[in-house]
Each structure stands twice: as structure tokens, then as C-alpha cells.
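**Student:** Turn these sequences into a full structure, and let the hints steer you where they fit.
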Amino acid sequence: MPSLSTLLSLFIDGASYGMILFLIASGLTVTLGIMRIVNLSHCGFAMIGGYAALALVSMGLPLLAALPIAVLFTMAVGFLLEQTIYRVVYRTHEFGQILMTLGLTYLMVATINLLFGSLMQNILVPEALNGVWLAGGLTISKYRIFLVAVSAGVAVLLWATFEWTMFGARLRAAIDNPRMARASGIDVGRLLSVAFAAGCGLAALGGVLGAQMLPLEPFYALKYLVLVLMVVTVGGLGSLKGSLVAALALGLIDTFGRYFVPEFGGFVIYVTVFAFLLVRPRGLFQNA
Amino acid sequence: MRKPENTIGTSFPEMRSALRTHRFGWFEIVMLVVFVAVYYLLPGYLPLATQVAIMIIFAISLDLALGYGGIETLGHAVFYGIGGYAAGLYALHVWQEPISGLLVAAIAAGIFGIVSGVVVLRAKGLTLVMLTLACATMVHEFANSMRAVTGGDDGLSGYRIDPIFGLFRFDLFGRTAYIYSVCILVVVFLIARVVANSNFGLTARGIRSNAQRMQLLGVPVLNRLVLLYAISGALAGIAGALSAQVTKLVGLNTLAFTLSGNVLIVLILGGIGRLYGAVIGSIVFVVLSDRAAAIDPFNWLFILGGLIVLTVWLAPDGIAGRFSALTQQLLGRERKS
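From first to last, the protein sequence lines stand for chains G and P. So the number in the working numbering is just where the residue sits in the first sequence, counting from 1, plus 174. So the number in the working numbering is just where the residue sits in the second sequence, counting from 1, plus 530.
Take the hints with a grain of salt, since some may be wrong.
Heads up, simulated DMTMM-like pairs for lysine to aspartate or glutamate below, C-alpha to C-alpha not over 25 Å straight-line [to be verified]:
(1) P/K654 <-> P/E558
(2) G/K397 <-> P/D701
(3) P/K654 <-> P/D692
(4) G/K397 <-> P/E602
(5) G/K397 <-> P/D826
(6) G/K397 <-> P/D820
(7) G/K397 <-> P/D683
(8) P/K778 <-> P/D692
(9) P/K654 <-> G/D361
In silico contact screen, one side only, chain P against chain G (beta carbon under 10 Å); selected entries [unchecked claim]:
(10) G655
(11) M660
(12) A666
(13) I825
(14) N829
(15) G836
(16) W843
Hints were generated in silico from the structure; no laboratory data involved. Note that beta-carbon positions come from the ideal geometry of N, C-alpha and C, so glycine has one too.
**Tutor:** In C-alpha cells, the structure reads:
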């Protein structure tokens with residue numbers, strides 16, 4: 175049995191990993207909840223954000239200054255795509271949507287490959303966040319704590335927006351029943367555009383902050399897509415709370431699984447998800 | 531909001547095409563002529579043509595599940611990979627005879643189709659898509675962690691394959707491999723045709739149109755879908771086994787998400803639910819990706835991605851769909867005049 179400090183640091187690793195997954199997945203679950211569109215490009219937006227920050231950092235900007243610019247940039251890209259290509263995507267049948275967004279992901283991969291090359295890239299962490307804290311035999315990476323803090327803050331902010339603002343109320347209405355929401359005068363289309371752009375921004379935030387755990391490479395958009403989709407499905411479509419719980423659980427299960435049964439590596443998490451979906455096909459918090 | 535499904539059921543032209551069974555049209559003849567012509571005219575491209583043949587088999591198998599049964603899957607590569615590994619392991623440990631290798635692979639993939647189908651096919655829509663994806667990823671990770679058996683990242687290799695019927699050895703130029711693959715393709719095409727045109731195939735189409743109604747008509751929907759899934763899986767397993775026997779290598783990429791995505795693209799390019807769409811799609815896809823990769827190895831995903839987006843956008847029924855719409859238009863005009 176490993177020591178308590180090992181368990182604790184595993185826990186922190188798993189939690190920060192889970193929070194990154196949550197940031198990336200949160201936008202997807204909202205758009206999925208409203209439009210039922212399996213947006214396979216969503217991870218691509220996390221990648222775009224990550225690479226945008228990388229470009230800014232390599233131009234000499236500190237990471238914390240590059241972060242908001244990268245997020246805004248990704249939101250702009252997401253908004254543009256939503257206004258153009260996704261308009262077509264919405265109109266096609268369900269499987270066409272899957273294919274079109276897959277094609278879009280390929281285009282993103284190719285673009286990143288063209289601009290940045292195929293090597294794995296790392297965003298340098300600022301000095302202040304580099305290093306570890308030592309507390310009674312326990313070593314905690316400062317950056318991980320920073321990650322957990324920031325993403326917990328974002329999660330609280332999201333939750334507050336969802337629960338307490340008019341915008342959140344409209345979103346919830348649209349997720350519950352888009353037709354009814356439209357009938358009661360909510361502009362669901364515009365709502366979706368805003369939610370889509372915001373989701374892209376959140377994904378970008380996850381992509382930038384999580385670049386240490388999910389290293390940037392052109393195939394990022396496909397490599398972590400399965401994981402993010404699982405978070406959304408396990409959490410239940412359209413449920414932010416579900417995504418949060420699912421992301422944390424998956425992050426922890428994966429981290430502990432790799433530590434305790436290393437011979438099975440990433441296998442544990444997929445078995446868990448598969449078994450879970452069989453028992454609860456609509457996820458943790460089913461909404462629709 | 532999506533429009534509700536067509537609940538009236540099979541429209542008349544669809545019914546007519548469904549009842550026009552077991553006839554061989556010009557398409558089959560052209561296909562055979564092309565395959566023979568390639569052998570004599572383009573001997574340098576036989577390995578590529580073999581890839582095309584294997585991809586056609588794989589796409590046909592997906593067409594049975596997706597086009598006829600409406601089983602939306604993002605994890606069809608799981609059967610391809612299982613077939614490949616089964617054939618590779620069989621050749622490595624049991625017997626190097628190729629035909630029995632194909633059968634073993636088909637049985638292995640078919641059994642996996644039944645087992646996974648029974649649990650997965652209860653779900654519908656997005657959950658089904660996710661379950662097939664999770665299932666495939668699970669097997670992928672499993673093969674990755676069973677390094678001692680599968681070779682992990684390095685792939686499975688080091689086996690040899692005996693001459694076919696003890697007569698035709700696999701030569702360096704890929705001639706035997708090509709003829710072998712085309713023969714298997716013909717057999718698979720015939721099997722798929724029979725399945726698609728049988729009563730069972732019609733039932734599957736009925737389920738795709740309206741599963742609830744079929745249930746009410748007394749069709750054991752889940753049973754039928756599982757059977758269809760298993761047949762489709764077995765055929766995909768044959769494709770994977772062929773690839774394993776011809777290339778003498780089974781990599782982890784045979785189980786990967788990218789392959790599942792690619793075969794879907796092939797099918798949507800060609801056209802779903804008409805078998806020969808798989809043929810057209812495979813030819814276009816494999817040749818195009820080979821050419822694009824040869825011209826610009828780093829940026830060929832641009833072409834592929836652009837192609838997918840444009841196809842779904844402009845020709846949602848695929849090339850075959852466009853084509854048959856065109857011919858129907860022409861025929862209609864002739865009749866009128």
C-alpha cells in the first residue's frame with residue numbers, strides 16, 4: 175500500500191487532469207444539449223487555443239498575458255466557423271454532422287501541421303508557477319495547484335451564470351426543450367452561437383492550461399477527442415454538473431488506474447466508461 | 531430541431547429497388563473488367579490496388595451495418611483489427627494456411643460482433659455512437675497493453691503465410707496478393723448482396739426506417755440487429771485478415787479511431803446503402819489519399835478534410851447517389867419524350 179502522501183499527490187494529479195477535461199468538455203456539453211450535434215471538432219478548438227498561446231509565448235509574451243488573447247482568438251475562430259460551416263452542419267442528417275465535423279477536424283490538424291510542424295510542443299510555465307511546494311514529505315507541483323484553482327474558479331463562474339443569470343435560464347430552457355424555448359420567444363439560434371463561442375473559449379482555456387498534461391501536437395484534436403466525448407456522454411448531455419463530476423471521476427480513475435495497474439495502462443478507464451454507459455445510457459444527470 | 535423520421539415507411543421506388551434482387555447489372559461487369567485490366571495494364575500499382583480491394587471489403591461490411599441496418603457506429607475498426615490480429619496470431623501459432631486464416635478471423639470478429647452487439651445495440655442515437663467508440667477504444671487499449679501477445683506499439687509481425695491452396699505463393703510484386711484479394715472481394719460482395727437482398731436484409735431496412743413499427747409487427751428487432759452486426763463484423767474481420775496476410779504486419783492502427791473514421795468517409799463518399807457505393811468510395815479514397823500523400827506527405831489531410839466537408843455538403847448521398855439520381859433523371863426524360 176502506498177503512503178498517504180503518494181495517494182494525495184496522485185489525487186491532485188488526477189483532479190487537475192479531470193479539471194482540464196472538464197474545461198474542454200463544458201462547451202461541448204452545452205452545444206450538444208441544445209442542438210444534439212456531435213461536434214467532433216470541439217477538441218480542435220482546445221488545440222487552436224493551445225497553439226495560439228504557444229505562438230504568443232514564443233513571441234515573448236508571458237503566459238498569463240497570452241492566455242486571454244488566445245482564448246479570445248479561439249472564440250473568434252469558433253464564432254466565424256459557427257456562422258459559416260456549422261450552418262451547413264446543422265442542416266444535414268445526424269451522421270452527416272459527425273462526418274462533417276470530422277472533416278473539419280482534419281482540416282484543423284492539417285492547418286496546425288502546416289503552421290507549427292508535427293513536433294510535440296510545450297508551453298513554458300512562468301517562473302512563479304514552476305517548481306514544487308514541500309509540505310511534510312509531500313511534494314506538490316505549484317502548477318497543478320494553480321490549475322485546480324483556476325478551473326475550480328471557472329466552474330463556479332459557469333455554475334453561477336447557468337443558475338442565476340437570465341442568459342443561463344434561457345440556456346437551460348433551450349437545453350430542456352428547444353422548441354418550447356423558441357415558442358416562448360427565446361432566440362435559440364443566437365443563444366447557440368453565443369454558447370458555441372463561449373464553449374470554444376473554455377476549450378481553449380483548457381488547451382492552454384492543460385498543455386503540460388495533454389501536450390500540443392497536430393493530432394491533439396483527434397487524440398483527446400474520445401476522452402472528451404466520454405466525459406460528455408457519461409455526464410449526460412447538456413449537464414454541466416454531470417460533466418464536472420464525470421471529468422473529475424475519469425481523471426482520478428485514469429491516474430489511479432495507471433498507478434496501481436500499470437500493465438493495463440489506459441485500459442481501465444475505457445472499461446469503466448463502457449460498463450457505466452451500459453447501466454446508465456443517458457449518463458449521470460440525464461437531461462433530455 | 532431535426533425533422534421527424536419518415537414514418538410512412540418504405541417509399542415506392544425504394545421498395546422497387548429492394549425487390550429487384552439477385553440480378554447482375556453492368557456495374558458488376560465493369561468492376562470485374564476494371565480489376566482484370568488493372569492486373570495487366572498497371573502492374574506497378576498492384577499493391578495499391580490490393581489496398582483498394584481490402585478497403586472495399588471493409589466498406590461493404592460497414593454498409594451492411596450502417597446502410598441497411600442503420601447501426602451508427604464510430605468503432606467499426608474494432609472488427610478489422612480483431613480480424614487482423616486473429617489471422618496474424620493464427621498464422622504465428624497454429625497454421626500458415628491463408629483461407630482457414632480468413633475463416634478464423636471471420637469467426638473471431640463475428641463472435642465479437644455478437645457479444646458486443648448484444649450489449650451495445652440496445653442503445654440508440656448518440657449513446658450507440660459513443661458505445662461503439664468506447665468499445666473500439668477499449669479493445670485498442672487492450673491490444674496495446676497485451677504487449678506479449680500483440681506486440682503492442684510495434685505491431686504483430688514475423689509470421690509467414692503458406693501458398694494459397696499450396697500452389698500460389700505470395701510473390702514480391704504482389705501479383706498473388708492482388709488476385710487473392712480480388713477473389714475474396716468477389717466472394718464478400720456476393721455474400722453481402724445475398725444478405726442485403728434476403729428477407730433478412732429487407733427486415734433490416736425496415737428496422738432502419740422505423741424500429742418501433744417493426745417491433746410492433748413482431749420482428750425481434752434486437753436479435754436481427756445483432757445478427758446483422760455480427761455478419762458485418764465477420765466481413766470486416768475478413769478485410770483485416772486479408773490485410774494482415776498480404777502485408778505480413780498487424781499494427782495497432784488497425785484498431786484505431788482514425789480507421790473507423792476513414793471507412794465512414796469512404797462510405798459517405800461513395801454513398802450509403804447501395805453496396806457499390808463502397809466500391810466507388812474506396813477507389814476514390816485510397817487512390818486520392820495515396821496521390822495526395824505522394825505529392826505532399828504533410829498536407830494531404832487538407833485534401834481529405836476538404837473532400838469530406840464538400841461531399842456531405844454538396845452530395846449527401848455520395849458519388850453513387852449523385853450518379854443514380856443523374857441516370858434516373860436521364861431515363862425519366864427519355865421516357866417522357
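**Student:** If a hint holds in the structure, say so; if it doesn't, say that too.
**Tutor:** Outcome of the hint check:
With a CA separation close to 34 Å, the supplied pair P/K654 and P/E558 exceeds the 25 Å bound. Only pairs whose Cα atoms come within 25 Å are accepted, and G/K397 paired with P/D701 is rejected, the gap being roughly 37 Å. The straight-line distance between the Cα atoms of P/K654 and P/D692 is roughly 44 Å, outside the 25 Å bound, and the hint therefore fails. With a C-alpha separation of about 21 Å, the suggested pairing of G/K397 with P/E602 holds against the 25 Å cut-off.
Among the hinted pairs, G/K397 with P/D826 is consistent with the structure: their alpha-carbon atoms are about 23 Å apart, no more than 25 Å. Distance check on the hinted pair: G/K397 and P/D820 sit about 23 Å apart at the alpha-carbon level, within 25 Å; holds. Distance restraint check for G/K397 and P/D683: the Cα-Cα separation of roughly 16 Å lies within the 25 Å cut-off, and the hinted pair is therefore satisfied. Under the criterion of a C-alpha separation no larger than 25 Å, the hint pairing P/K778 with P/D692 is consistent with the structure, at around 12 Å.
Distance check on the hinted pair: P/K654 and G/D361 sit about 29 Å apart at the alpha-carbon level, beyond 25 Å; violated. Look at P/G655: its Cβ gets to within about 7 Å of chain G, closer than 10 Å, so that hint holds up. Satisfaction of the interface hint for P/M660 is found here, the shortest Cβ-Cβ separation to chain G being roughly 4 Å, below the 10 Å cut-off. Annotation: P/A666 was flagged as interfacial toward chain G, and the flag holds, the nearest CB pair being 9 Å apart, inside 10 Å.
At about 14 Å, the closest approach between the beta carbon of P/I825 and any beta carbon in chain G exceeds 10 Å, and the interface hint on this residue is violated. Checking P/N829 against chain G: minimum C-beta separation of about 6 Å stays under 10 Å; hint holds. With its C-beta approaching chain G no nearer than about 6 Å, P/G836 sits inside the 10 Å limit, and its interface hint holds. A distance limit of 10 Å between C-beta atoms decides the matter here; for P/W843 the minimum to chain G is near 5 Å, and the interface restraint holds.
Hint compliance for this structure: hints 1, 2, 3, 9, 13 are not met, and every other hint is.
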